[in-house]
Structure formats: structure tokens, C-alpha cells
Amino acid sequence: MFTSILILLPIAGAFFVWIVPWPTPRAAGGAALLVALAELVLWVNRALNFDYASSGLQDDASHSWFSDLGVSYSVGLYDFSLWLVGLTVVVFTAAVAYGFWSGRERMGVYLGLLLFLEGATVGVFAAQDLLLFYVFWEAMMIPLYILIGVWGGAGRMGATIKFVVYTLAGSLLMLVSVIALGLSAGTFDMQKIGESGSTWIFLGFAAAFAVKAPLWPFHGWLPDAYRESPAEVSAILSGVISKAATYGFLRIGLVFFPGVVADWRTVVLVLATIGLVYGSLLAFRAPDIRGVIAYSSLAQMNLIIIGLFAVNDSGLSGAVLQMVTHGLISAALFLIAGSVERRAATGDLVRLGGMARGRPVLATTLITTGVIALAVPGSSAFAGEFLILNGIFTRGWGWAVAGAAAIVLAAMYMLRLISAVLHRDPGPAVTEAALDLRPAEISVIVPLVTLLLALSFWPAAITDHSFGGRPSDTVGSQFEASP
Amino acid sequence: MITAAWIALFAPAAAVVAIALAGTAISRSVAGYLAAGSALVSFVSSVVVFVVLLGEDPEERTHSSTLWTWLSAGDLKIGAEIQVDPLSVFMMLIVSGVGFLILAYAVGYMAGDVEERRYHAYKALFLFSMLLLVEAGNLVLLLAGWGMVGLSSYLLINFWHHRATAVAAGKKAFIMNAFGDATFALAIFLLIQRTGSVEFDTVFSSDVVEHGSTAAVLIALGLLGGAVAKSAQVPLHTWLPDAMEGPTPVSALIHAATMVTAGVYLVARTNVLFELAPAIQDLAGILGGVTILLAGLIALVQTDIKRVIAYSTMSQIGYMFVAVGLGAYGSGMFHLMTHAFFKALLFMAAGIVIHALSDEQDIRRMGGLGRALPFTYRVFVIGALALAAIPPFAGFFSKDSILGAAANAGTLGWILWTAGAIGAFLTGLYTFRLLFIVFWGDLTPFAREHLHRKRFDGGLAMAWPVAILAVLSIFGGWLQVPWGWDLVNQWLEPVAESAEEATGVTFTFSVIASLVLAVAGIWLAWRWYGRPSEVPARTRKRWPWAARTLEHKFYFDEAYDLAFYEPASRNAAFLTRYVEQPLFLSSLGELGSSVRSASRRLSALQTGYVREYALALAAGLAVLAIVFILVT
Numbered sequence: 046m047f048t049s050i051l052i053l054l055p056i057a058g059a060f061f062v063w064i065v066p067w068p069t070p071r072a073a074g075g076a077a078l079l080v081a082l083a084e085l086v087l088w089v090n091r092a093l094n095f096d097y098a099s100s101g102l103q104d105d106a107s108h109s110w111f112s113d114l115g116v117s118y119s120v121g122l123y124d125f126s127l128w129l130v131g132l133t134v135v136v137f138t139a140a141v142a143y144g145f146w147s148g149r150e151r152m153g154v155y156l157g158l159l160l161f162l163e164g165a166t167v168g169v170f171a172a173q174d175l176l177l178f179y180v181f182w183e184a185m186m187i188p189l190y191i192l193i194g195v196w197g198g199a200g201r202m203g204a205t206i207k208f209v210v211y212t213l214a215g216s217l218l219m220l221v222s223v224i225a226l227g228l229s230a231g232t233f234d235m236q237k238i239g240e241s242g243s244t245w246i247f248l249g250f251a252a253a254f255a256v257k258a259p260l261w262p263f264h265g266w267l268p269d270a271y272r273e274s275p276a277e278v279s280a281i282l283s284g285v286i287s288k289a290a291t292y293g294f295l296r297i298g299l300v301f302f303p304g305v306v307a308d309w310r311t312v313v314l315v316l317a318t319i320g321l322v323y324g325s326l327l328a329f330r331a332p333d334i335r336g337v338i339a340y341s342s343l344a345q346m347n348l349i350i351i352g353l354f355a356v357n358d359s360g361l362s363g364a365v366l367q368m369v370t371h372g373l374i375s376a377a378l379f380l381i382a383g384s385v386e387r388r389a390a391t392g393d394l395v396r397l398g399g400m401a402r403g404r405p406v407l408a409t410t411l412i413t414t415g416v417i418a419l420a421v422p423g424s425s426a427f428a429g430e431f432l433i434l435n436g437i438f439t440r441g442w443g444w445a446v447a448g449a450a451a452i453v454l455a456a457m458y459m460l461r462l463i464s465a466v467l468h469r470d471p472g473p474a475v476t477e478a479a480l481d482l483r484p485a486e487i488s489v490i491v492p493l494v495t496l497l498l499a500l501s502f503w504p505a506a507i508t509d510h511s512f513g514g515r516p517s518d519t520v521g522s523q524f525e526a527s528p
Numbered sequence: 008m009i010t011a012a013w014i015a016l017f018a019p020a021a022a023v024v025a026i027a028l029a030g031t032a033i034s035r036s037v038a039g040y041l042a043a044g045s046a047l048v049s050f051v052s053s054v055v056v057f058v059v060l061l062g063e064d065p066e067e068r069t070h071s072s073t074l075w076t077w078l079s080a081g082d083l084k085i086g087a088e089i090q091v092d093p094l095s096v097f098m099m100l101i102v103s104g105v106g107f108l109i110l111a112y113a114v115g116y117m118a119g120d121v122e123e124r125r126y127h128a129y130k131a132l133f134l135f136s137m138l139l140l141v142e143a144g145n146l147v148l149l150l151a152g153w154g155m156v157g158l159s160s161y162l163l164i165n166f167w168h169h170r171a172t173a174v175a176a177g178k179k180a181f182i183m184n185a186f187g188d189a190t191f192a193l194a195i196f197l198l199i200q201r202t203g204s205v206e207f208d209t210v211f212s213s214d215v216v217e218h219g220s221t222a223a224v225l226i227a228l229g230l231l232g233g234a235v236a237k238s239a240q241v242p243l244h245t246w247l248p249d250a251m252e253g254p255t256p257v258s259a260l261i262h263a264a265t266m267v268t269a270g271v272y273l274v275a276r277t278n279v280l281f282e283l284a285p286a287i288q289d290l291a292g293i294l295g296g297v298t299i300l301l302a303g304l305i306a307l308v309q310t311d312i313k314r315v316i317a318y319s320t321m322s323q324i325g326y327m328f329v330a331v332g333l334g335a336y337g338s339g340m341f342h343l344m345t346h347a348f349f350k351a352l353l354f355m356a357a358g359i360v361i362h363a364l365s366d367e368q369d370i371r372r373m374g375g376l377g378r379a380l381p382f383t384y385r386v387f388v389i390g391a392l393a394l395a396a397i398p399p400f401a402g403f404f405s406k407d408s409i410l411g412a413a414a415n416a417g418t419l420g421w422i423l424w425t426a427g428a429i430g431a432f433l434t435g436l437y438t439f440r441l442l443f444i445v446f447w448g449d450l451t452p453f454a455r456e457h458l459h460r461k462r463f464d465g466g467l468a469m470a471w472p473v474a475i476l477a478v479l480s481i482f483g484g485w486l487q488v489p490w491g492w493d494l495v496n497q498w499l500e501p502v503a504e505s506a507e508e509a510t511g512v513t514f515t516f517s518v519i520a521s522l523v524l525a526v527a528g529i530w531l532a533w534r535w536y537g538r539p540s541e542v543p544a545r546t547r548k549r550w551p552w553a554a555r556t557l558e559h560k561f562y563f564d565e566a567y568d569l570a571f572y573e574p575a576s577r578n579a580a581f582l583t584r585y586v587e588q589p590l591f592l593s594s595l596g597e598l599g600s601s602v603r604s605a606s607r608r609l610s611a612l613q614t615g616y617v618r619e620y621a622l623a624l625a626a627g628l629a630v631l632a633i634v635f636i637l638v639t
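Protein chains in written order, with our numbering: chain A, 46 to 528; chain B, 8 to 639.
It is possible that part of the hints are untrue.
Covered stretches of chain A (chain B as the covering partner; in silico rule of three or more C-beta atoms under 8 angstroms from a C-beta of chain B) [said to hold, decoys possible]:
# : region
1 : 293-304
2 : 315-328
3 : 358-364
4 : 399-406
5 : 436-445
6 : 453-467
7 : 496-509
What the hints contain is simulated information worked out from the structure, not anything from laboratory work. Idealized CB from N, CA, C, for every residue including glycine.
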């Protein structure tokens, strides 16, 4: 019941915001923000009472849908999906608040779409029926097309078309795989499907996830989409939506296709390692703030995939931790980028600079998020990357060495970003009129940064409370335990 | 007692939080007093821990405490855990004690700077990180402190962030250290693979890996990579001189007394693992020996007062690496301690000079300051004598302890002894070159114009910490006296048993030879710089290539640009231009524009997508579903 409420509240809230004739856009926006906050409170309350000792499904609900096909409305939460839902509600609350504060055009429609997207995303993380998973997956994509296509920047058309073509190709292949897997197993219930040895079905799923994450080289849509979207939509795209893909790799790829995953491990690892290094190098050269964040996001998502495909305690724990951490980092960075662009009317690094002087809050939040993003030892991103690389080390030291090299590159591009925005003399686009973050922005960004600091203090909050503490056993007894 | 250790750790962290949250509600100097006060709390707590340990049986002096599980993955649990033992207490006392003096000095030094509060917060953050490094009870937490001292060092180097050189220096320091962090992490992965643990008492056992095996070598090599980067030893040394862009108290605390010596601490801490890979331990000593000479030579031609001292720091840490490389952990840690005293003293005295001359750092514009700044001159002489290892000053005892150990370590030992002895000559030469140029002779026109002095040259706030360090630089070496007692070695023995030092005639020879060389260096400095002399200019003219090589610091920066930065930058540009653009961005962009022109006829955007979508959905389903079901 609880899970269904968590899914339906934002969707119902979306319709509520759309249908009611609000007197002013602000009122519509305020209503949307209240819905997002209510969702956040619901989640926090549940997270405090969750049974983390059990690795099983909790708060599950199931209603038969097409009984002859074995399709049902079936939802529930595992402990690790609870964290991803938590990431979702936190980032969406921040995004809705940020959108509300920025005063987007047609505010009610816009924020309603965000709420609808939130419900769909929670649905993806909670669905326990393959067809339902697919429905939520698609329900997640459609608002995104509209959000980018209508509210995006100058190049939104090209960005949207690319995004649609890529994700559509991926989703269709996944739909085929959903049907094929469901029919061959005789049920769509994800609790009952069991293992499959089919390479083709796996690749169908993998296509959708690889595009959405994105795994290198399926990232062609990413730079434009992340650059042209409104800042809060970019925050959601890279912070949360990309995690739906890695969640898919974990919940469907690793659990249903252990044999195929083992066969394809090397291929995926090679691609992901290339993506990690490639994304880091491109981030180092990207000419604008969002370019740096976009390519660093590409690199980080590939790192998470590396952790998942290590399929051992360390890799899996690290991947879940890193999903949450990177989600928060990405969201915070994109929102900060949005605030910088709003002040300077540009994101070009050569036109920025010197923003630290007289803007202590902006400087402190950007530096804090930036150094966590580059995984300075002691930060939660370090904890995640440490576990991921430790996990992959047992599969072959070469992967870990490449990953460690990419961490040095991460330091290079992140410090470049920090100093290009904050340090040296003010750039041509930075004037005295560009003030420090306003209270409204602070109320959105500072909580994200605070969460990151709290996670750095206690990353085991997530690793100790995922998979019932036994990652590889939980993901499948067919996987050997970590050596 | 363990509570005191936790208090020592968290007091500076509390100061950071307090300063950050208080913002402009507190005055600038209050922020400074908060930071310095937290350091004092740490120092007092460290003393408490020390006194308690002193009262215990030497073999019982290791205590650890875990507050919570920091990170976990299945069976691997990494606790927020501190360990107190003779080695960590030794470091805690130095870090918090010298740290307190420098933080107190900084309140005076930074007065009037625009962003003083941020400065004091960073300084306290550094102190927390450094204490985390030395108190950490497992390798991952040690690495966390290791990385965070690098972070605070970065933040403080580019504290004056409107200067392009400061920003570049900060980045360089951070990235070179990130390289060291990476090799350190790889070594930990290998240890986890072998032992499933990161706990000190599990991984520091001699049966973790086979003596001399590849795994042992790789583990030690990874640790050494971290140590060399952090301690600015050849070949990862080029960031340290640039780091002098930071405010002078930062140079004193981070880039002289504490952080840069962390590599020595790491080798001493993980001595069991280094003993398992003798080749790598030798390598540590050899790198130290090379650094002694290289940095000592470069220091001879530097013209920035802080850079001379920075190269001297590199060179002195070279001695410590020689010591720990030869297994003389006690001597290495002893020199670490005395060096912290006299090097912090020299930096802080230099800071007073820089202040008095309106932020001038070029020694060619200085001269004759001895009479103008009498207090500074006196303490600088004490620091210089201690650095040059003249008895009875502190550096004499610690340096001779190292050379004595080298003289007892076979062929390699004698090679390194020779490097150290030549280093003693160079140290005397460059130290007194600096002293004579800055303080002797007549006041230069620049100095006459810009000099302004207060009571005790720079004000009482800056003078008293310097005075305490001067006292320590005189007497601090008496902990370990040849033919007398070796308190440091004894104290550290339960954690790291030191190799035997030479005795008898060999030791006497070692002491006298190095002392003679040091005095010779000072004498030469006097001949060349202590009075008007043509010799330096003539020497430079006779061997221009030598002067050029030294001024270009043996071309390391140029080589690294060519070998690493340029390729990374060029590869990234290549990928952007020839891979990302044509393969991933443009082709689809063109596809996009063709679809766009086709869809221009459709009135509304959204319906266009939905229709397209529905069409593709139906077609794709029909074909692919059949194919896939047939295939599976």
C-alpha cells in the first residue's frame, strides 16, 4: 500500500496541479512544491521504519491485471531500491523548488510534468512486474521529451530529437525483450521469473539501459540534452533518470541473466572503462560548465556500471552508494550551473571567472560539491569509488588501474571547472550585478550539499543498509561470494 | 585516555563548523582565536594521551577505538577508528603543538586580509585532516586523512585566488597528490585481496605476503608512490616550490612542518610491509638520497626567500627518507620532529621579513636587514644553525643520527651516507647564502624605502610563537644524544624497531666528517655572500649551462608538461574534434535536422512525437517480437 501511495501521490498531484484553475502561476507552483514536500516526508518516515535486516521485498502489493498472461500490478521495495527512491524524492523536491523559484513559463504545466515524472520514476524503482516496469519506463520518457522540447534552450529541437531517437530505439528493444522473457517464463512477475540464459533477451534490455545510463558509445544524446534542458531538468536527467538504467542493469540484468552477464562481462567492462576515461578526457576539454558536468556524468555512470559488473560484495555496495552520491552531486552541480548561467547569461568558461570574491555561498557550495565529485579521499564519492574499484580489482587489476587513472583525470577536470568559475580575475561575463546565491537558491542547493557531507561522514548508512548487508548472496546465489 | 584522542581529533573540526556557520557574526580575529584555540585543545589532549601512555608498559601502549562503521561491503567493515600508540602520539604532539604555534602566529600575520575567516577555517580543516591521518586506525581512514590534507593544502595554496600563479600551483599540488592517492589506493586493494581487511593489526603481519614476492613489491611500491608524492620527493617533487604561493604560515605548517613529512610517517607506520619488499625500501632510501642532492643544488640559485626554504625542506625530507629506507625509523622520525621546529621557525621568520618589506619575497632586493630587524635576525640565525646541523642545535643530533645509521647499513648505506654528507655541505652553503644576503651588508635602497617595523619586528602576536620555536630549535635535539641516550628510538620501538646505528670509530668519523662539511659550506657561503665577492657571478659565467640547469630545476617541469599534460590535453582535444563531434554529435545532428524538416508540416510538436512514436512502436514490435521469440 505504501509503495503505491509513493507512486501515485506525485502523479495525482500532477493532475491536481494541471486541472485546478489556479489564480496565479505562483499558486500552481506552490501547490506542486507542497506535493513534492509531502512525498519527501512520506519517504523519510518510511526510511526510518524500514526493516534493513531483511533483504526481501517490503511494502509489496499485487493485483492481477491480465491473469491469463501472468501480468499483474505488482510493486514493492527492496532496501537498495528504497535508497534510489530516496534519491528520487530528494532530487525532485529540489528540482521542483528550483523551478518554482526560477519562475518558468506556464509554471503549473511545467511543475506538473515534473511531478508526473517523479511518480513514474518511483514506479520504475518499485515495479515488480516486467510489463509494469516497462510502462513506468515509458511514462518516464514522455514527460522528458516535452520538458526538453518545450522548456529547453536555443538548441532544444535538435537535442530533443536526438534524445527521442536514442531512447526510443532502446525502449523498443527492451519491450521486445520484456515480452519475450515474460512469455518464455510464463509470468511477468519479477519475483517468479527466475534465470534466463538467453543472450538476445539480455541484449534487448541492455540496449535500453546502455542508452539511458549511458554506457559508452551510446551517449550521443547526452551532451546536447544536458546542455539544452532547463537546469533542474538536467539535474533530474543526470541525477536520477540515469540511475534508472543502472538500477535496470542490477535488478534485471544481473538477477535474471547471471550466465549471460558472466559471458559478456569483458565486453561491458571494456566499453565502460573506455567510457570512464573518454568521458573524463572530454570533460577536461569541454568549453562550458554544463559540458564538464555532462561528460563527468558520463564517466561516473560508466564507473557505476563497472561496479555492477564486478558482481561481488564490494562492487555492488559501491555501485549503490555511488548511484546515490552521484545523483546528489550531479543535481547540485547542475543547479549551481543554472544559477551561475542565470547571473552571467553564459556558461562559457572563458567568459567566467573570479566569482568567489564577494560570493561566499556560491564559492563554498561549488567547491564543496566539486571536491566531493572528484572523490577526494574521505568523501562519500571516494567511498563509492573505492568500493567499486576494490570490487573490480578482484576481477583483474588492470580495470582498477584504469579506474584509478580516471580518478586523477577527475581531479583535473573538476579543479579546472572550479577555478574557471570562481578564481582569477572576473571574466567578461561576470559583473558586480551578479550577486551571491539568494536565499531561495540556498534553500535548494545547501540541503543537497549537506546531505553529501552527511553521507561522507557515514557512507555505511547506505552500504550497511542495502541488500540486507549481503550483496552478492542477495543478488543471486549463483554469484560466487567476493574473494 | 582514548576520549582525549577523540577530542584532539574533533576539536579542529568543531572549529571549522563554528567558523563556517558563524560567518560574519564573529570578528576576523575571533575566527583566528577559535582555530588556534582548537589547536591548543588538541595539543593538551595529545599531552594527556602521551602522559597516560608513558605510564604504561611499552608493549601495552597500543589502544584503538571505533565509534561507528564508516563503510562496509559484505564482510569488509571499515570503522571510524583511531589508534593511539607511541608513533601516533609522537606525531600528534608535533602536529598539534607546532600547529598551535603557527595558527597563533597566523592571527597576527593574516590580520587585515580580506578573507581571513575562510583562511582560519581552512587552517583548522587542515589540522583536523592531519590529525585524522596520524590517528587513523586503519588504512582507509589513513587514506582519507591523506586525501584531506591534500585538499586543505590545495585550498590554502590558492587562498589568494585572484593570482593566476596561485591557482595553477594549487591545481598542480592537488593533481600530483591525486596520483599518489591512486597508487596508495591500489596498494590497499591488493592488501584487501590478500587479507580481506584494512585493519592495522591484520595487514601489518609478516605473513600477509611472501617476503620479496611480486605482491609484496607492488604493495610497497603503491605505498611509496603515495609517500613520495605527499613528501615531494623526486620524481614527484615539482609541486612543492610552487606551493609557496600560499600565505607564509601555510608554508610553515603544511609545506614544512607537518603535511609534507607525512610520507615519512607512512613508511614508518607500514614498516612491516616495506620490510617484506627490501628492494622497494631501498628505493625509498635512494629517492631520498637523490632528493637531498637535487634539492640542495637547486636551492643554491633560488632568489625567492620562501623557495630557498622550500627546496631545503625537500632536501631535509630526503634525509628522513634515507633513514626510513634504511630501517632507521627512530632517526627518521626524530629528524621529522627537529625539522618541524627549525623549519617552521625559518618560515615564520621569513614571514616577518616579508611583512616588514611590504610583501617582497625576492632576496635580491633584500640586504642589511640584520640591524633593522634584530629579533628576526637572531631567531633566523638559530634556525639556520639548527638546519645546518651545528651542535648543540637540534638539527645536529637528528641528522647525525641518520648518518650514523647509514654508516652501519652496508654498501647502499655508505652511498647514501655520501649523499647525506654532501647534502650537509650544500645545506650549510645555501642556508647561510640566504642568511648573509638577507641580513648582512648594508640596507638596500628597496629595503630602506619599504621597511616598516613594529615591536619585535612584526608585533608581539607573531613574535612569541617564533620565540618558542627558537627555544625548541636549540634544545629539541637533546632527546637523542650520541654516546648518551636514544629516547626517540626507545619510545618508537614497540611500533617500529629501528636499525642499529654505527658505533665507535665509524660513528665518530661520520659525525666529524659531516660537521666539517657543514662548516665548510658555511665558510664558503661567507666567502661568496658574506662580503662583496665576484666569485658567484664569475662562476655563473664560466659554467652557464650549469646555472641554467639549476635555474630550470633540472627541467622536471618542462619534461612533465611534455610527457603528461600535453598528451592528456592533446588527446582530449583530438577526441573532442575527431571522435565525439563526427561520430556522436554531428551525424545525429544531421539526422535530427532531416527529421525536423520532415516534421515541419506537422502542426503541433507534441502530437508529432506521439504519432511518430506510435508508428514506430507498432512497426518495431511486429518485426522484432517475432524475430526474438523465434530466436530464443
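Status of the hints after comparison with the structure:
1. 293-304: violated (count 0)
2. 315-328: holds (count 3)
3. 358-364: holds (count 5)
4. 399-406: holds (count 4)
5. 436-445: holds (count 5)
6. 453-467: holds (count 8)
7. 496-509: It holds, with 5 qualifying residues against the three required.
In summary, the one numbered hint that this structure violates is 1.
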